[in-house]
Amino acid sequence: MIFTRIEYYLFLLLPCAMLFRVARPSLRPWVCALFGSAFFVYFSVVELAGWIAAACLLILLWEGFFSRLYHPRSRLCLVGIAIAVAILGVFKYWNFSTGLLTMPLGRNPFRWETAFLPLGISFFTFEFIHYAADRYKGTAEQGTRGEYFAFILFFPTMVAGPIKRFQDFVPQLRNPSTDWTLDWNRGITRILTGLVKKLAVADVLGSFTVHLNRSDIAQADRLTLLLWIIAYGWKAYFDFSAYSDIAIGSARLLGIRIPENFDWPFFRSNISEFWRHWHISLYKWLVDYVFIPLGGSRRSLALVCGNILLTMVVSGLWHGAAAHFVVFGAWHGVMLSIHRVWVTYRRRRGYLAQPQWKGQLGNWALTAAGVTIGWPMFAMNIDTALFFYSRLF
Amino acid sequence: MLRKFAVKLKNALEYLGGVHDESNIPRLPSTSSYFWGFWWGLLILFIVAFSGQTLKFLYIDF
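Protein chains in written order, with the numbering used here: chain E, 1 to 393; chain R, 1 to 62.
Simulated from the structure, these hints should not be mistaken for lab results.
One or more hints might be untrue.
Said to hold, decoys possible - Simulated pairs of lysine to aspartate or glutamate, EDC-like, Cα-Cα distance not exceeding 20 Å: (1) E:K137 x E:E273; (2) E:K284 x E:E113; (3) R:K10 x E:D134; (4) R:K4 x E:D263; (5) E:K284 x E:E260; (6) R:K10 x E:D288; (7) E:K137 x E:D168; (8) E:K284 x E:D263; (9) R:K8 x E:D134; (10) R:K8 x R:E22; (11) E:K358 x E:E273; (12) R:K4 x R:E22; (13) R:K4 x R:E14; (14) E:K284 x E:E273; (15) R:K10 x E:D168.
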């Protein structure tokens, strides 16, 4: 709820944006880090598990200090990645993985009853991994300690992205835009638009999606079920793109531009294009740090499809520690693989021309159907999703 | 023609949403403070009208 709370704007964003603008260049990173720490502690206490969640600020402080040891080709970069993944694994996947391992016992003696997720852990872990991997490859400069703290504690993107890159962020931290009028005009417009999208569209669509439970599904007819699941897709889009709008607008008040996350994904005419325009910063991260290290596209068609599938399963698992998220990722992986096979087949046959508008319309309809069929696996657990499909088809 | 219209509409909506710095729609004022005052007022009206029923953001660690 953070971005819909008035204290976010009054006590964090506006003071930080103004102080950042007037501070000496050497102090700017520390302004970001200071307000980012306050943001993390305050919202961990009021929105999450209280002071124990706030104490997870130590994870970010640890990362800030440990990352100083990263150098090109240094094994410490790999250690840093392993630590970041391990911390995410403990907080996010402990109950899921121990539950799987102890399934034959019928109960999980290792279950962490008071488990909680530190604020933004799924997103800041990806930024930790990006920095460590790029330092290892030598494609990211070290930056100063303050700059790295500003990067990981930059509060507009801390909780849910867009996932930034150090190479893009630091030059702007050093030389932010000085056009206050334009930045504030665009930033405020973006924030207000995001709030309207969230409150007046996404949350209104929520009145449809609230019915995606077993008892309501049992009573609904096919058309109603279809309406609910289409509404869920649009709600997901408006909700998350609203969040991204507010994050991007907030950063703009400081004179910093962060990556776009959505570009009209529901109007794309194939599944590959859909993913290039849906949660763009996640898609790019997955390509750079999962798909390419697995071998990317420079393998046989079968291996490339396997890499795509594995990458999308990772994406699904990242979305949540539950089997239905894995199935959701696998579904998209299968669709992307089929598309890859189709494109390769067409290219080998010399069919390079773009389809006419009727063909484009057909492609769009097929893509929309594939994406819509996937939503129940995102929105509901496996049993409820299967029940939904049995009622729909 | 339909495609051109769709592109223009997309650009106009994105400009009104704060995505672009410059309007590439000739009839859309880019600097008028009256225009932005009206537009922000309209957005704030929507925000006030629909506030109070806020649900959790979907993507904040579920």
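Subject >> Unmet hints by their number, sorted upward, for this structure >> reply: 1, 2, 3, 6, 9, 15
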